[in-house]
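Novice: With the hints as your guide, set chain L onto chain U.
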Amino acid sequence: MTTFIDYLLGGFSSGAVIALFALALVLVWRSTRIVNFAQVGQAMFTTFIALAVQVATGSWILALLAGLAAGAILGLIVYALVLRPVQRLDTSGSIIATFGVLISLQALASMIWGGDPKSFAPPVANDGLEIAGRIWPISWYDILVYVVTAVLVVALTLLFTRTSLGLSMRASAFNPEVAKLSGIRVNRMLAFGWALAGVVGAVAGVLIAPTASLSPNSFDILLIFAFTAAVVGGLDSLIGAVAFGVGTGLVLALVTGYGEAGDAPIVVLILLAITLVVRPGGAFGRGKSRAV
Amino acid sequence: MMPSWLRNSRLLVHAPLFIAIWLLLSRLNVIVEPLMSYYIALAAMYATAMFGMVILVGLSGQVSLGNGALMAVGGYVFAVTSLNWQTVPILGMQWNAVWSVIFAGLGGVIAGLIIGMLAARLRGPYLAGLTLGIAVGLPSIAARFPGILGGSQGLMLTVPYPEGGYAVDSAAAADAAVASDAAALDQALSGASAAPSDSASSSSDMLTPSDVTGSTAPGDMLTPSDVTGSTAPGDMLTPSDVTGSTAPGDMLTVDDVTGAGSTASADPVPVPSASAISATPSGTVTDAGFVLEQWQASVSIAVACIAGFVALNLVRGRQGRVWKAVRDDPIAAALAGISPAASKVSAFVVSSLFAALAGAVFAQILTYVGPGAYGVALSLSLLVGVVLGGRGSLVGAVIGAVLLVGLPAAVSNLAGERGWSDQVTNNLPTFVYGLLLVVVVLIAPGGVMGLLSSAWRRLATRR
Chain U
1 MTTFIDYLLG GFSSGAVIAL FALALVLVWR STRIVNFAQV GQAMFTTFIA
51 LAVQVATGSW ILALLAGLAA GAILGLIVYA LVLRPVQRLD TSGSIIATFG
101 VLISLQALAS MIWGGDPKSF APPVANDGLE IAGRIWPISW YDILVYVVTA
151 VLVVALTLLF TRTSLGLSMR ASAFNPEVAK LSGIRVNRML AFGWALAGVV
201 GAVAGVLIAP TASLSPNSFD ILLIFAFTAA VVGGLDSLIG AVAFGVGTGL
251 VLALVTGYGE AGDAPIVVLI LLAITLVVRP GGAFGRGKSR AV
Chain L
1 MMPSWLRNSR LLVHAPLFIA IWLLLSRLNV IVEPLMSYYI ALAAMYATAM
51 FGMVILVGLS GQVSLGNGAL MAVGGYVFAV TSLNWQTVPI LGMQWNAVWS
101 VIFAGLGGVI AGLIIGMLAA RLRGPYLAGL TLGIAVGLPS IAARFPGILG
151 GSQGLMLTVP YPEGGYAVDS AAAADAAVAS DAAALDQALS GASAAPSDSA
201 SSSSDMLTPS DVTGSTAPGD MLTPSDVTGS TAPGDMLTPS DVTGSTAPGD
251 MLTVDDVTGA GSTASADPVP VPSASAISAT PSGTVTDAGF VLEQWQASVS
301 IAVACIAGFV ALNLVRGRQG RVWKAVRDDP IAAALAGISP AASKVSAFVV
351 SSLFAALAGA VFAQILTYVG PGAYGVALSL SLLVGVVLGG RGSLVGAVIG
401 AVLLVGLPAA VSNLAGERGW SDQVTNNLPT FVYGLLLVVV VLIAPGGVMG
451 LLSSAWRRLA TRR
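As you go down the protein sequences, you meet chains U and L in turn.
Sequence positions in the first sequence follow the numbering used here and run 1 to 292.
Sequence positions in the second sequence follow the numbering used here and run 1 to 463.
Wrong hints could be hidden among the right ones.
[As the list claims (entries may be wrong)] Chain U residues, not near chain L, derived (Cβ > 10 Å throughout): (1) 56; (2) 61; (3) 65; (4) 68; (5) 157; (6) 160; (7) 161; (8) 164; (9) 165; (10) 182; (11) 236; (12) 238; (13) 243.
[As the list claims (entries may be wrong)] Taking beta-carbon pairs under 7 Å as the criterion, some of the chain U residues facing chain L (in silico): (14) 35; (15) 96; (16) 100.
Note that these hints are calculated values from the structure, not bench results.
A virtual CB, placed ideally from N, CA and C, is assigned to each residue, including glycine.
Same shape as in the complex, but just chain U (with noise of 0.2 Å):
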């Protein structure tokens, strides 16, 4: 019981992180209808930066700060320069579209930094905590990322759900048309919605880069879960991301603690078929009908 507890407990520092990569993807579907495939390797990318400031200055959050500035320009640059564009062409070309940002950037990344796996200093303790004469496997650092993540998600929901930019950018994803007879600067917010889920792929790379090493294509499994979780629940939901990021997570830790680690894909891969076939859009989406 006691080893069933400890992978749980493991399991949610990885679901959180997780949780962020699968809002992250909500936030863009919500905003453009389009799953960015690129996601992981814009948050790929900016850790990278964030770890050339750590190594340069020694703070880890002024790194952090730097991630974020750059999740932001990022996601402004690939919409900006990509998506914008693409918007009128059909679903293939975004997919073939955010795929090309994916492997340039890796490509990119590679060609910068090579390939072999850095490691990310943590700001606090990452060894397990000693609470009532026994190790328990939750670390100083681990609190740091259920904060974090808690406090976006929170902030994330406010946005949403309480100031006028929020929305602004619901009316605009809802429909663009009437959103626009209403005066709201609808590309403005499309942008913007891309910016924040480039922020938050961000805020997810600098987090998990302490726990699993930097590499150029480290994150690409990442992608997996995290589009697990996003389809899972319903790709619109930001509760639902969050839920089965951290689901997912819980998930891994189990199969990795009672099977073997390399299962751990295989299981989640399953996950999604099934979620799949029972409801093609999405476990926890809005049950629009649609023919064929």
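Specialist: Just chain L, lined up with the frame of chain U:
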């Protein structure tokens, strides 16, 4: 007179066309250098897989990011059956490589049926995500069965060879390699001098495949098995090492493998004396007439021509129109009596069949199957090739295949002249692919073929 079904069919046009292409490529294959044959083999292999992508992505409108995984199905079935089966099950005949290819195709059809039935229910991004998951998850599946599938290290193969064996023209192969890597020649020479006693084996000018694995000179450009061959026994370089050393760009293309092979063999490692170094003095081509690369290319060309013939008939026939109808308007197609689901599944099955055939060919080009060789990078390459060539065009697939092989070669040539570091050289092609994907989608969604046809139309209207 000929029967009406034959008169109305395009077989009379298509069959001679593909026989002509096959003859032309086969002739080209024997007159060019082995390195060129190797490139031809790769391009024909890519083209085979991309004919399937054209049908799936272009005609049926389903973006798959996982066809590399379907190639892996073909490759692994090819490898496992040819390594483990001596006779054909049920039929009881002697096993040979053709059976392996047939079974690889069969495996592809089954995999395509399963994934296709999943996929037919899904729309764009969901399908892309699922297929990407399959491509990413593949290494874990291989690693799950280290016994039969070789785990993450993969499986070594010997190339199935024609009657009478094939000859290894090591001098010509070394010459070809020199063009790209001068250091390799030094190594080849020192390797040859390190084991002078083995030159006895050169007296027989017909080499058996078992000789070939050992005898490929370090300068020769092939496969992971070459890498193991040219390394000291005590410090065996496993395929996982190969993948490890190419890590900089996850994109493990064949060129990465060969690149790693040549860098590895450029290391001053003692050549195992047990291996027979082929010290054939000059570029003598032996009676069998085939260099290893030429044999591999001839197999690849034959498969590509058959696949192209089948694909062209499907695309230009009724089934092609059904696929397009469902892609453009599933509801209207259903009203016209077409089953959209069956159409989507059939596109997946056909594309999976071609992918598996290509995967089997790829296995015999690499003489190796492993998760690294069939990674996400391969799936991406296929998508890149199809988009560059033109999403709905079989000719575009061929153009895309040539670009896929030519671009990394051109970049590494350029890098050699400019003295770029490996870090840049290995990743530049991938970077260019990524940019090209974006640019093509934005500016010329029809790819090269789209540009050509619109240029042609402009010319035609001006007249």
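Novice: Please go over all the hints and tell whether each is borne out by the structure.
Specialist: Structure-based check of each hint:
1. 56: holds (21 Å)
2. 61: holds (31 Å)
3. 65: Holds, because the least Cβ-Cβ distance between residue 65 (chain U) and chain L comes to about 28 Å, which exceeds 10 Å.
4. 68: holds (25 Å)
5. 157: holds (24 Å)
6. 160: holds (22 Å)
7. 161: Non-interface label on residue 161 (chain U) holds, nearest chain L Cβ at 26 Å vs cutoff 10 Å.
8. 164: holds (30 Å)
9. 165: The assertion about residue 165 (chain U) holds, with a minimum of 26 Å to chain L.
10. 182: holds (28 Å)
11. 236: Holds: least Cβ distance 13 Å, greater than 10 Å.
12. 238: The claim holds: residue 238 (chain U) sits with its nearest Cβ about 18 Å from chain L, beyond 10 Å.
13. 243: holds (19 Å)
14. 35: holds (4 Å)
15. 96: holds (5 Å)
16. 100: With a minimum Cβ separation of about 3 Å from chain L (threshold 7 Å), the hint on residue 100 (chain U) holds.
Going down the numbered hints, you'll see the structure goes against none, and every one checks out.
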